[in-house]
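> Last residue of the sequence shown: 397 (this note's numbering), numbering continuous.
A couple of the hints might just be wrong.
Claimed, not checked - Ranges of calculated distance between the beta carbons of each label pair, as one might list FRET restraints:
| # | residue 1 | residue 2 | range |
| --- | --- | --- | --- |
| 1 | 261 | 162 | 20 to 26 Å |
| 2 | 150 | 73 | 36 to 42 Å |
| 3 | 200 | 94 | 53 to 59 Å |
| 4 | 191 | 254 | 22 to 28 Å |
| 5 | 45 | 97 | 34 to 40 Å |
| 6 | 195 | 237 | 22 to 28 Å |
| 7 | 162 | 9 | 24 to 30 Å |
| 8 | 200 | 80 | 32 to 38 Å |
| 9 | 128 | 23 | 37 to 43 Å |
These are calculated hints, taken from the structure and not from any lab test.
This one's a predicted model, so the numbers in the text were calculated from it and none came from an experiment.
Beta carbons are placed, not taken as given, at the ideal position from N, Cα and C, and that holds for glycine.
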Amino acid sequence: MSDSEEPSPGFGNQRVREIYRDGMYEEETPTYPIAYEELREAAWENMDDTARAYVHGGSGTEETFERNRDFSAYRIMPRMLRGVEDRSLSVELFGNTHEFPLMITPLGVQSLLHDEAESATARACATLDIPFTLSSLSSTPMEDVAETLGDTTKWFQFYWSSDRAVARSFLNRAEASGYDAIVLTVDAPTLGWRDRLLERGYYPFLEGEGVANYFSDPAFRDSLAASPEEDPKAAVDRFLEIFGDESLTWADLSFLQENTDLPIVLKGVLHPEDARLALQHGADAVQVSTHGGRQVDGSISAVEALPAVAEAVGDDAPVLFDSGVRRGSDAFKALGLGADTVMLGRPFAYGLAMAGQDGVEWVLENTLSELDLTMGLAGYDDVTDIDREALKHEQEL
Numbered sequence: 001m002s003d004s005e006e007p008s009p010g011f012g013n014q015r016v017r018e019i020y021r022d023g024m025y026e027e028e029t030p031t032y033p034i035a036y037e038e039l040r041e042a043a044w045e046n047m048d049d050t051a052r053a054y055v056h057g058g059s060g061t062e063e064t065f066e067r068n069r070d071f072s073a074y075r076i077m078p079r080m081l082r083g084v085e086d087r088s089l090s091v092e093l094f095g096n097t098h099e100f101p102l103m104i105t106p107l108g109v110q111s112l113l114h115d116e117a118e119s120a121t122a123r124a125c126a127t128l129d130i131p132f133t134l135s136s137l138s139s140t141p142m143e144d145v146a147e148t149l150g151d152t153t154k155w156f157q158f159y160w161s162s163d164r165a166v167a168r169s170f171l172n173r174a175e176a177s178g179y180d181a182i183v184l185t186v187d188a189p190t191l192g193w194r195d196r197l198l199e200r201g202y203y204p205f206l207e208g209e210g211v212a213n214y215f216s217d218p219a220f221r222d223s224l225a226a227s228p229e230e231d232p233k234a235a236v237d238r239f240l241e242i243f244g245d246e247s248l249t250w251a252d253l254s255f256l257q258e259n260t261d262l263p264i265v266l267k268g269v270l271h272p273e274d275a276r277l278a279l280q281h282g283a284d285a286v287q288v289s290t291h292g293g294r295q296v297d298g299s300i301s302a303v304e305a306l307p308a309v310a311e312a313v314g315d316d317a318p319v320l321f322d323s324g325v326r327r328g329s330d331a332f333k334a335l336g337l338g339a340d341t342v343m344l345g346r347p348f349a350y351g352l353a354m355a356g357q358d359g360v361e362w363v364l365e366n367t368l369s370e371l372d373l374t375m376g377l378a379g380y381d382d383v384t385d386i387d388r389e390a391l392k393h394e395q396e397l
């Protein structure tokens, strides 16, 4: 840097300076918690037992849920004096440039967390230009969420319906609404064994929660003897009858290719051979995920699976990552292990429950700020340069 140049503070620098100035000059401490555990506690005050059971924890003994959060086997290896005053966090996916390597992962039934549900999350994403992935099991129809997001990148997460007419209709609606990609969740042909929900005998869809996309779908409505408004119980029963399809094989991916021109992301890949098969059968990207530890109790964790999947995919397609990310430093490690973009789940969910749109923005801004600062302190000025050299496995130390 020349003597005349004034470096502008990066995203993270601006964030911490603002917080410190407010504290020191205005005697105003942060409105919301900084630490994840305190954020969750604040959210729990606004959630009932059923909402907590739905969002927190995972399947069975929750072994995978707990191990998902453990990134400690990989240590960041900081490098010094590398000129990191001008940092870039932008990445490119499917020809679109995203300002940050962070997206909202799909989470269903957001009405359990806040009255404004997905609309509040979408507004936060639109404000910060963070890509949003909408669940098939949303509390708000996909068209309404798309309108709220406007030009913000939006992906639609697709749960396969055994009624092919409904499946086709979902794909057509997503494309017509302006979604930019289809995220096919492949790790949930049926639901996992979830102690917390089973203990309460609670399944939100039986109350008509999280089925807005189905109840508003013309093909789904055509399959009913009476409309969901006239006979909601029969509509819920029909939803339960067609949700998921355990008969699916790799060959069925041709159905997606025949019914959408959008890029296809396969979410739920943990085995490197499955990553290779995904690309062979037409997927445009893979997403390493354990469904937040909510499906197979005792499975390999997402961060354990990521390096081998990234190696199997190589430069042939983007690799996305979710499950266990709680902080910006977790995101940095995932990027170093081969992820092109990181998907955030439970932290934004607790932000939503805590304070709606403001809470989601708070979580996103803090996560991005920590990622930005971690990059600079580790010696990286471009997020796309973070690779395996940025990390050391504990066995290498």
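> Taking the numbered hints from earlier one at a time, note which ones the structure violates and give those numbers from smallest to largest.
Violated hints: 3, 7, 8 and 9; rest satisfied.
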